[in-house]
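Please take these sequences and the hints and turn them into a complete structure.
For the record, in the sequence shown the residue sitting at position 265 is 265 according to the numbering used here, with numbers rising by one throughout.
No wet-lab data here; the hints were simulated from the structure.
Quick caveat, the model's predicted, so the values are computed rather than measured.
Be aware that a few hints might be false.
What the hints assert, rightly or not - Below, in silico cross-link-like pairs of lysine to aspartate or glutamate (DMTMM-like), each with a Cα-Cα straight-line distance of 25 Å or less:
{"hint": "1", "residue 1": "79", "residue 2": "149"}
{"hint": "2", "residue 1": "79", "residue 2": "144"}
{"hint": "3", "residue 1": "79", "residue 2": "281"}
{"hint": "4", "residue 1": "79", "residue 2": "67"}
{"hint": "5", "residue 1": "79", "residue 2": "89"}
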Amino acid sequence: MRSGALFAGLLLAALPVSVGSAERAGSSASHRPRPLRVMSMNQCADQLVLALLPPERIASVTWLSRDPDGSLMHREAQKVAINHGLSEEVVQQQPDLVVAGAFTTPATRMLLRRLGYPMIEVAHADSFDEIRTITRQVAAAVGEEARGEALIARMDHQLSQLARQSGPAIQVAAWDGAGFNASEGSLYNAVLEAAGAVNVANRPPASTYGRPDVEVLLAAAPTLLVKGAGTGRRAGLQDNVERHRLVQRYWDGARTLTVRQSYYVCGTPFVADAISGLRGELQAAARQVQAPLPFAAGKTL
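What follows is the structure, encoded as structure tokens:
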């Protein structure tokens with residue numbers, strides 16, 4: 001009860017300042033001053049804020065941004081304070097802009113609106129076009145439109161170069177760290193395709209939203225198994241599939257590639273860097289494969 005009373009007092013103390021901030025947020029963008037204390041409460045928004053702003057203009061980003069497996073901007077995140085997505089932290093840090101995401105708790109967002117904190121909500125990006133959209137959204141909100149356009153131009157140039165240098169497609173079966181397929185329409189699948197891979201798990205008889213299935217692997221006979229690493233770089237396939245004797249026999253070792261979730265979990269302009277790295281890993285793994293799978297060549301198991 002004491003901590004609840006303390007939090008209520010903090011909220012009341014913050015309210016007059018917040019209302020003034022809300023009034024500024026309601027003014028036109030052309031007259032709105034650039035926010036000097038930006039707080040991100042979303043792992044993917046973290047990376048955009050870190051890319052667009054110097055550390056002195058960032059109040060905090062989420063603690064997840066420091067994880068190299070989940071963030072391409074983990075080094076930059078070490079230079080600023082972190083938060084755990086709590087309303088209390090907003091009150092303590094007093095940002096003049098909060099960047100929230102689709103997975104920021106509705107209760108937190110509602111409370112911040114009631115207190116009048118300027119806030120933008122950033123959607124999850126599942127395509128390169130959506131990356132351009134959210135980058136421009138955040139760049140405009142923090143007053144760094146030119147920086148945002150420069151990031152987009154860099155990404156587009158890299159994607160163009162990668163498209164011109166594409167080689168033969170590598171057949172893979174790919175799932176993410178939660179065990180679900182990198183389905184069509186997802187950023188994971190877009191990254192795989194740009195890196196030169198074709199995810200056979202999106203073809204019949206595979207399900208576009210199913211867990212890994214041994215029968216699907218045997219029918220599709222992909223060259224490589226690509227497994228998105230979860231927390232602590234644990235492989236993404238379900239244990240019962242990974243332990244299957246046929247999977248261990250045919251996709252163990254060189255035929256299995258584990259990739260970081262940071263390659264595909266967040267849509268940022270740095271996705272082209274991730275694609276370039278993934279392409280190198282895919283090509284290196286494919287070169288180690290000495291012979292096609294025996295059942296892919298019409299042989300029996």
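Do the hints match the structure? See the list:
1. For the proposed pair residue 79 and residue 149, the alpha carbon gap of about 24 Å is at most 25 Å, so the pair holds.
2. Between the alpha carbons of residue 79 and residue 144 the distance comes to roughly 20 Å, so the proposed pair stays at or under 25 Å and holds.
3. Taking the CA atoms of residue 79 and residue 281, the gap is about 29 Å. The hint is violated against a cut of 25 Å.
4. Straight-line distance between C-alpha atoms of residue 79 and residue 67 comes to about 13 Å, which keeps the hinted pair within the 25 Å bound.
5. Distance restraint check for residue 79 and residue 89: the Cα-Cα separation of roughly 18 Å lies within the 25 Å cut-off, and the hinted pair is therefore satisfied.
Checked against the numbered hints above, the structure violates only hint 3.
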